[in-house]
Amino acid sequence: MSGGVVTILPEMPSLSRLYLTAAAAAAKNRMLGGHQPGQPAELPQASHEVHSVLADVARLTEYQHLLGGSARDVMPAGFIHTLAFPVAMSLMVREDFPLPLLGMIHLQNRIEQFEPILYAQPLAIRAWATELTGHRAGTQVDVVVEVRADDGGTRPRSEGNGSCLWRGISTYLAKGIFLPGLDKSIEARPAPDFAAPDPTALWRLGPDVGRSYAAVSGDFNPIHLSALSAKVLGMRRSIAHGMYLASRVLTEVGSPEPDAFSADISFEAPVFLPATLALRIGDGPAVDGGSSRSEYEGWNPRTGRRHFSGSVSPL
Amino acid sequence: MAEADHVLPGGSTDRPEANQVPTEPSRPAVLPRKAVVVGGNRIPFARSGGSYAHSSNQDMLTAALDGLVARFGLADQRIGEVAAGAVLKHSRDFNLTREAVLGSALSPETPAYDLQQACATGLETVLGLANKIKLGQIESGIAGGVDSASDAPIAVSEGLRAALLDLSRAKTLRQKLAAVAKIRPKDLAPDAPSTSEPRTGLSMGEHQAQTTAQWKIGREEQDRLALASHRNLAAAYDRGFFDDLMTPYRGLTRDANLRADTSMEKLAKLSPVFGKNFGSEATMTAGNSTPLTDGASTVLLGSEEWARSQDLPLLAEIVDGEAAAVDFVHGKDGLLMAPAFAVPRLLARNSLTLADFDFFEIHEAFAGTVLSTLAAWEDEEFGRSRLGLDGALGTIDRRKLNVNGSSLAAGHPFAATGGRIVASLAKLLHETGTVGGRPARGLISICAAGGQGVVAILEAR
Chain Y
1 MSGGVVTILP EMPSLSRLYL TAAAAAAKNR MLGGHQPGQP AELPQASHEV HSVLADVARL
61 TEYQHLLGGS ARDVMPAGFI HTLAFPVAMS LMVREDFPLP LLGMIHLQNR IEQFEPILYA
121 QPLAIRAWAT ELTGHRAGTQ VDVVVEVRAD DGGTRPRSEG NGSCLWRGIS TYLAKGIFLP
181 GLDKSIEARP APDFAAPDPT ALWRLGPDVG RSYAAVSGDF NPIHLSALSA KVLGMRRSIA
241 HGMYLASRVL TEVGSPEPDA FSADISFEAP VFLPATLALR IGDGPAVDGG SSRSEYEGWN
301 PRTGRRHFSG SVSPL
Chain W
1001 MAEADHVLPG GSTDRPEANQ VPTEPSRPAV LPRKAVVVGG NRIPFARSGG SYAHSSNQDM
1061 LTAALDGLVA RFGLADQRIG EVAAGAVLKH SRDFNLTREA VLGSALSPET PAYDLQQACA
1121 TGLETVLGLA NKIKLGQIES GIAGGVDSAS DAPIAVSEGL RAALLDLSRA KTLRQKLAAV
1181 AKIRPKDLAP DAPSTSEPRT GLSMGEHQAQ TTAQWKIGRE EQDRLALASH RNLAAAYDRG
1241 FFDDLMTPYR GLTRDANLRA DTSMEKLAKL SPVFGKNFGS EATMTAGNST PLTDGASTVL
1301 LGSEEWARSQ DLPLLAEIVD GEAAAVDFVH GKDGLLMAPA FAVPRLLARN SLTLADFDFF
1361 EIHEAFAGTV LSTLAAWEDE EFGRSRLGLD GALGTIDRRK LNVNGSSLAA GHPFAATGGR
1421 IVASLAKLLH ETGTVGGRPA RGLISICAAG GQGVVAILEA R
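Protein chains in written order, with the working numbering: chain Y, 1 to 315; chain W, 1001 to 1461.
In short, the hints are calculated from the structure, not lab data.
Where is the CB? At the ideal position from N, CA and C, for every residue including glycine.
Treat each hint with caution, since some may be false.
As the list claims (entries may be wrong) - Coverage of chain W stretches by chain Y, computed from C-beta distances (three or more under 8 Å per stretch; other residues unrestricted):
no., stretch
1, 1061 to 1070
2, 1244 to 1252
3, 1419 to 1426
Said to hold, decoys possible - Some residues of chain W that are not near chain Y, with every Cβ distance over 10 Å (derived):
no., residue
4, Arg1092
5, Gly1103
6, Pro1111
7, Ala1170
8, Arg1219
9, Arg1308
10, Leu1354
When you get a sec, could you build the whole thing from the sequences and use the hints?
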């Protein structure tokens, strides 16, 4: 759990309003010439928390169908990410958050799910940022989200009612932002050697994948919506949401998801839409006679370039 | 009525009486081994357009399967075979059951197949898998069924379909234009599925309205059966009977159609919806007919050895089953009357009479269906001329009928009804244990579209 001051937000922040705030901040920064000199390269010592969060069952069903899963009452781990995303984002648009939200690139994501969560379960969601570090191309940060049951019990509100059910750690890169005091000369890691294996699946992603996922996740970041809106932010075409890829692969790897598991994904190259992606899922040996660790990777079958790789392991 | 009268049971016809009870029982003296019901799981049934309006057949079947897997600890197990089906099925769901298995916690190495026999689908999956178990081909099986009237597949019209197929085969621009030119504005109207019989164009309700009138089943008698269905189902919920037969889904914990507070007065107020051509004699209302429903059910079956080796309960044995069909196209029998012929054959093969049963589960497609079937069995003339018996098949004690409610109260997601009935009856038989020194015995009767019916005998373990 994080240190710092916990701010309880009265309600789930509106993503559209957060994007407007982020856009306003971007415009202001552009006028003032980017990052303010003298501002310390520090993360706010703060957590944001929202209580009594309830999933919308209609959106859950749409999400489950879009990602290729069955409409169960248990929420997919990737859906919890979308549920918690506005809390994480509210933190990242704070005035004292040292990196601009717009244009951030999702480098890695790790999810730990400790128990299945039913959609009717009210939740407490807390987000904070940590690990502000230099990257060869800018500055990266981890945004951590923890989800607990919030049954309105007697314990102090800020402590929620239960243990952590779900934890997500998203690593983002603010490209081209170099903060004073952070080592920016980190070695450029050589591109991992990748020889495309035999695929186990082929995904055909239409140009509307970004818009469809935006509709079920609420993440209307313009880089995902259309070629035009992506170009405004310096992309040559729109790109698939990293969490769309992560959630879809999770649907296929763990169907159903085990009760407790961790899932990692590293995004290596953006998936420009429309796209055809080759995928390989492979299982490791069974753990304690139960579910086994699975590894996966996705690549462009034409260029052989790897887009992402990761694993799912029972906890 | 005059026209209907000459197709009354025993009516003159040139056709041979193919549906008669055989005089020589043909059951082999020794059967390989037994198949037992271990348990079941279903999701509560929702009214069409209700809680499951956006859930697909695969969603609901998976939800029912999830609960079964959890209840009996089947995660990562390879089951001998899973058989299920849906009556209203989208063509993309060609492998509906296998897809549900792949999405479940069962071992992905569990084979599965789809089956469709209209409303008898669920019971037929049970009988098919039970037979495989009896023959030693499999040790365990999961039978099931699902239907969504809300998420029904809608097809393009026949004209548009033909034109699109021509277009896909066209090679030249000229051929392509010719294919497109064949599309007419009326072809753009979608083609939604209906409950009409393809050969007669009559809805199931209209067919039943004729049968109900032929057998002179009154309005009050039908309403009384509907009332009993609601009261019995409500009482079963109240005593927790369904606690280990059901998993909540999408906020539903009970069948949404259940009206625990309904009464004869309330039912009497409803206007007839079928057989309006009978004018003031029309008897079939929304209260004594099943509504369109969404839901899914599953049943776990196994050999006795398998169930014991897994430390699982043995609720009931699947003793035998029988299918029958009637010629409703020529009006010889009512559309839903096939069980009236299937049951006598099944009883004869097993040397049993109606008096040898402790529970009757007669699927309530309509109250009129149940009552017409009972009337046929009580009719001397029907017994002699149509069944080839010495007289009437017999009468059942109404206190043994649908004692935990049936489709009028629970609703009827077509293919899911068989699994609902088998699991509930198996549990009831097991609870009852023995009657007069023999295992408690139950009879299941399910009518189906196309003039078909499937019936079965279960015995307590």
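Verification of the hints:
1. Closer than 8 Å: that is the beta-carbon criterion, and the stretch 1061 to 1070 of chain W has 3 residues meeting it against chain Y, so the requirement of 3 holds.
2. Given as covered by chain Y, the stretch 1244 to 1252 of chain W passes the check, having 4 residues with a CB less than 8 Å from a CB of that chain where 3 are the minimum.
3. Here the stretch 1419 to 1426 of chain W counts 0 residues with a CB under 8 Å from a CB of chain Y, which misses the bar of 3, and the coverage is violated.
4. Under the 10 Å C-beta cut-off, the non-interface status given to W:Arg1092 relative to chain Y holds; the minimum distance is some 12 Å.
5. Chain Y draws W:Gly1103 into its interface by the beta-carbon criterion, the shortest separation being 5 Å against a cut-off of 10 Å.
6. Every C-beta of chain Y lies more than 10 Å from that of W:Pro1111, the closest at about 17 Å, which supports listing it as non-interface.
7. For W:Ala1170, the condition that its CB be more than 10 Å from all CB atoms of chain Y holds, with the nearest at approximately 24 Å.
8. Against chain Y, the non-interface label of W:Arg1219 holds: every CB pair exceeds 10 Å, the least being about 40 Å.
9. With a minimum CB-CB distance of about 22 Å to chain Y, W:Arg1308 clears the 10 Å threshold, and the non-interface call stands.
10. Every CB of chain Y is more than 10 Å from the CB of W:Leu1354 (nearest about 42 Å), matching its label as outside the interface.
Checked against the numbered hints given earlier, the structure breaks hints 3 and 5 and satisfies all the rest.
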